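Novice: With these hints in hand, go ahead and build the complete structure from the sequences.
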Amino acid sequence: MDLIRDCLDKKIDDRFKRRMGRVDGIVLEVEPGRPPRVAYVEIGVKTLMNRLSRRLGTAIAHLLESRHIESAPYRIPWGKIKVGVNEVRADVEAEKTPALEWELWLRKKVIGRIPGA
Amino acid sequence: MKKIVEIALGIVTSVGGFLEIGSITTAAQAGADFTFQLIWAILLGGLCIIFLVEQAGRFSAVSGRTIPDAIRERFGFNYFAFLYIVLALVSLLVLAAEIGGVCIALELATGIYFQWWTVPAALVIWLLIWKGTFGVIEKGISVLGLVTLCFVVGAVIINPPWSHVLRGALPALPHTNPVHYWFIVVSILGATISPYLYFFYSSGAIEDEWNEGHVGVNRIIATGGMTFGSVISIGVLILAAMIFAPQGVKIEHYTQLPQLLVPVFGYWGYWLLVASVGIACLGAALEITLEIAYFTAQGFGWNWSENQRPKDEARFAAAYTLTIIIAALVTITGIDPLKITIFSMALTAATLPVSIVPFLFLMNDYSYVRVYRNGWFSNAVVIAIISIAFVLALVSIPLQIFGGS
Numbered sequence: 001m002d003l004i005r006d007c008l009d010k011k012i013d014d015r016f017k018r019r020m021g022r023v024d025g026i027v028l029e030v031e032p033g034r035p036p037r038v039a040y041v042e043i044g045v046k047t048l049m050n051r052l053s054r055r056l057g058t059a060i061a062h063l064l065e066s067r068h069i070e071s072a073p074y075r076i077p078w079g080k081i082k083v084g085v086n087e088v089r090a091d092v093e094a095e096k097t098p099a100l101e102w103e104l105w106l107r108k109k110v111i112g113r114i115p116g117a
Numbered sequence: 001m002k003k004i005v006e007i008a009l010g011i012v013t014s015v016g017g018f019l020e021i022g023s024i025t026t027a028a029q030a031g032a033d034f035t036f037q038l039i040w041a042i043l044l045g046g047l048c049i050i051f052l053v054e055q056a057g058r059f060s061a062v063s064g065r066t067i068p069d070a071i072r073e074r075f076g077f078n079y080f081a082f083l084y085i086v087l088a089l090v091s092l093l094v095l096a097a098e099i100g101g102v103c104i105a106l107e108l109a110t111g112i113y114f115q116w117w118t119v120p121a122a123l124v125i126w127l128l129i130w131k132g133t134f135g136v137i138e139k140g141i142s143v144l145g146l147v148t149l150c151f152v153v154g155a156v157i158i159n160p161p162w163s164h165v166l167r168g169a170l171p172a173l174p175h176t177n178p179v180h181y182w183f184i185v186v187s188i189l190g191a192t193i194s195p196y197l198y199f200f201y202s203s204g205a206i207e208d209e210w211n212e213g214h215v216g217v218n219r220i221i222a223t224g225g226m227t228f229g230s231v232i233s234i235g236v237l238i239l240a241a242m243i244f245a246p247q248g249v250k251i252e253h254y255t256q257l258p259q260l261l262v263p264v265f266g267y268w269g270y271w272l273l274v275a276s277v278g279i280a281c282l283g284a285a286l287e288i289t290l291e292i293a294y295f296t297a298q299g300f301g302w303n304w305s306e307n308q309r310p311k312d313e314a315r316f317a318a319a320y321t322l323t324i325i326i327a328a329l330v331t332i333t334g335i336d337p338l339k340i341t342i343f344s345m346a347l348t349a350a351t352l353p354v355s356i357v358p359f360l361f362l363m364n365d366y367s368y369v370r371v372y373r374n375g376w377f378s379n380a381v382v383i384a385i386i387s388i389a390f391v392l393a394l395v396s397i398p399l400q401i402f403g404g405s
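Residue numbers (the numbering used here), protein chains in the order written: chain A, 1 to 117; chain B, 1 to 405.
Honestly, the hints are just simulated from the structure, not real lab data. In this text, all values refer to a predicted model and were calculated from it rather than measured experimentally. Do not take every clue at face value.
[Unchecked claim] DSS-like mimics (lysine-lysine), calculated; alpha carbons at most 25 Å apart, straight line:
hint, chain 1, residue 1, chain 2, residue 2
1, B, Lys311, A, Lys96
2, B, Lys311, A, Lys11
3, B, Lys311, A, Lys17
4, B, Lys311, A, Lys109
[Claimed, not checked] Some residues of chain B that are not near chain A, with every Cβ distance over 12 Å (derived):
hint, residue
5, Leu92
6, Ala172
7, Val217
8, Trp268
9, Leu329
10, Ile383
[What the hints assert, rightly or not] The calculated label-pair distances, taken between Cβ atoms and stated as ranges, are:
hint, chain 1, residue 1, chain 2, residue 2, range
11, B, Ile326, A, Glu65, 22 to 28 Å
12, B, Ala8, A, Glu29, 56 to 62 Å
13, B, Val249, A, Arg18, 57 to 63 Å
14, B, Asn78, A, Pro35, 25 to 31 Å
15, B, Asn78, A, Gly79, 27 to 33 Å
16, B, Leu9, A, Glu29, 52 to 58 Å
17, A, Met1, B, Leu9, 39 to 45 Å
18, B, Gly132, A, Gly112, 15 to 21 Å
19, A, Pro98, B, Ile326, 24 to 30 Å
20, B, Leu360, A, Arg54, 28 to 34 Å
21, A, Glu70, B, Val371, 44 to 50 Å
C-beta atoms are modelled at their ideal positions from N, C-alpha and C, and glycine is treated no differently.
Specialist: So, in structure tokens, the structure goes:
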């Protein structure tokens, strides 16, 4: 498998085919004397911003943390990931993960309160 | 029979997206300033958009993905982010111009200054998206947009010298004022080859659940719809050439537009113009708003569909709500909508390469489009369009500065 081509930036769904977002980053673990190992995939704005610029990523993280918002990306262990053709599936339940935190917050606090939502 | 209805509705819908304040204004300016000489620019723009829309539709029907989806996957986040920022800025400006167009139509109808209509117009756009489904927005508003056919009827009634019209279909060098001539050419191409048009079409194919069986239908709809739209634009140009040019009238304000139809239809011409501008701009505003929200949701991997309840796709609903607020804030400042339109058309032209270059790669990627990949002819056309886009990108801003007035 080519990690960049087949996994990075692909849409990621949970075990019930509920959309979680995209694979924003891939974390490799390197141990001395052993080949690198894929440890996690990441979903999160900080990871995305880091890809544009480290400085931007740090600035966004500081901004979020100053408003008491968790800035660390959500990590899914590689063992729970299944990579298909142009899609990635995670063996987790989306609504119980931080991946949909913003969606649920907006639904509860803003959009859901507008008549007709 | 079902297919025929689908094609007919699809063509009408495509016209709805094609004709908006930019295409009406630039065509009217072209006719007023250069009579029939610039018909070729509308035809060239129409030809380019036919190919891009057809490919966007084919891509989505076969791959089950939209073009922005695939750009993020194939080109990575950094390219996507660049394209997203550029397109969002340009589209917001075009949206502000369309909201301005709706407000101008209301001003012409009521005499109340357009700025006062910004909030009600923005609210109506938001409510239609909030409560409506994709079908209501796509087909309902577009069918109303058929009123714009009055430009074609008017152009036939006014009976222009058809030999001059045909001569205008062939590119020619300007007789006078070359900088302004080329500026209008760039504006027409910017108004016609609108990125929001092919990105929206691509999202629409997913909303309408197209599959490989729609490849043929898509081809007919893309060709028919864009041709139909181009013919209406040419109708506007002919009317302006016959009515404004002989009097030496320059289009400097929207209030001049009713004069396009009044000499042909009399009293009703005024109201036909008001309805045409209002409905065309409302349709375009709905499509551009949705397109910005689609683009955002697709790029970041959120759920999106105009057919779902807003609370089931809260981020998508928040995206279009915010989009309308920002664009309305630009309109409410009172900047002349005509100036926003002309500036945004030139800016659209300047940013075309970023959104068109990916077509060349995506339409040849077997993992997405399989046997429906581009042939040599389609690839040659895309390369030609990219070349045109690069030239436009280079010349649009200097021409805006030196030839925009």
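Novice: Hints first: check each against the structure and report whether it holds.
Specialist: Do the hints match the structure? See the list:
no., hint, verdict
1, Lys311/B / Lys96/A, "18 Å, holds"
2, Lys311/B / Lys11/A, "21 Å, holds"
3, Lys311/B / Lys17/A, "19 Å, holds"
4, Lys311/B / Lys109/A, "10 Å, holds"
5, Leu92, "21 Å, holds"
6, Ala172, "46 Å, holds"
7, Val217, "24 Å, holds"
8, Trp268, "37 Å, holds"
9, Leu329, "19 Å, holds"
10, Ile383, "25 Å, holds"
11, Ile326/B / Glu65/A: 22 to 28 Å, "27 Å, holds"
12, Ala8/B / Glu29/A: 56 to 62 Å, "58 Å, holds"
13, Val249/B / Arg18/A: 57 to 63 Å, "59 Å, holds"
14, Asn78/B / Pro35/A: 25 to 31 Å, "28 Å, holds"
15, Asn78/B / Gly79/A: 27 to 33 Å, "29 Å, holds"
16, Leu9/B / Glu29/A: 52 to 58 Å, "54 Å, holds"
17, Met1/A / Leu9/B: 39 to 45 Å, "43 Å, holds"
18, Gly132/B / Gly112/A: 15 to 21 Å, "19 Å, holds"
19, Pro98/A / Ile326/B: 24 to 30 Å, "28 Å, holds"
20, Leu360/B / Arg54/A: 28 to 34 Å, "32 Å, holds"
21, Glu70/A / Val371/B: 44 to 50 Å, "46 Å, holds"
Checked against the numbered hints above, the structure violates none of them.
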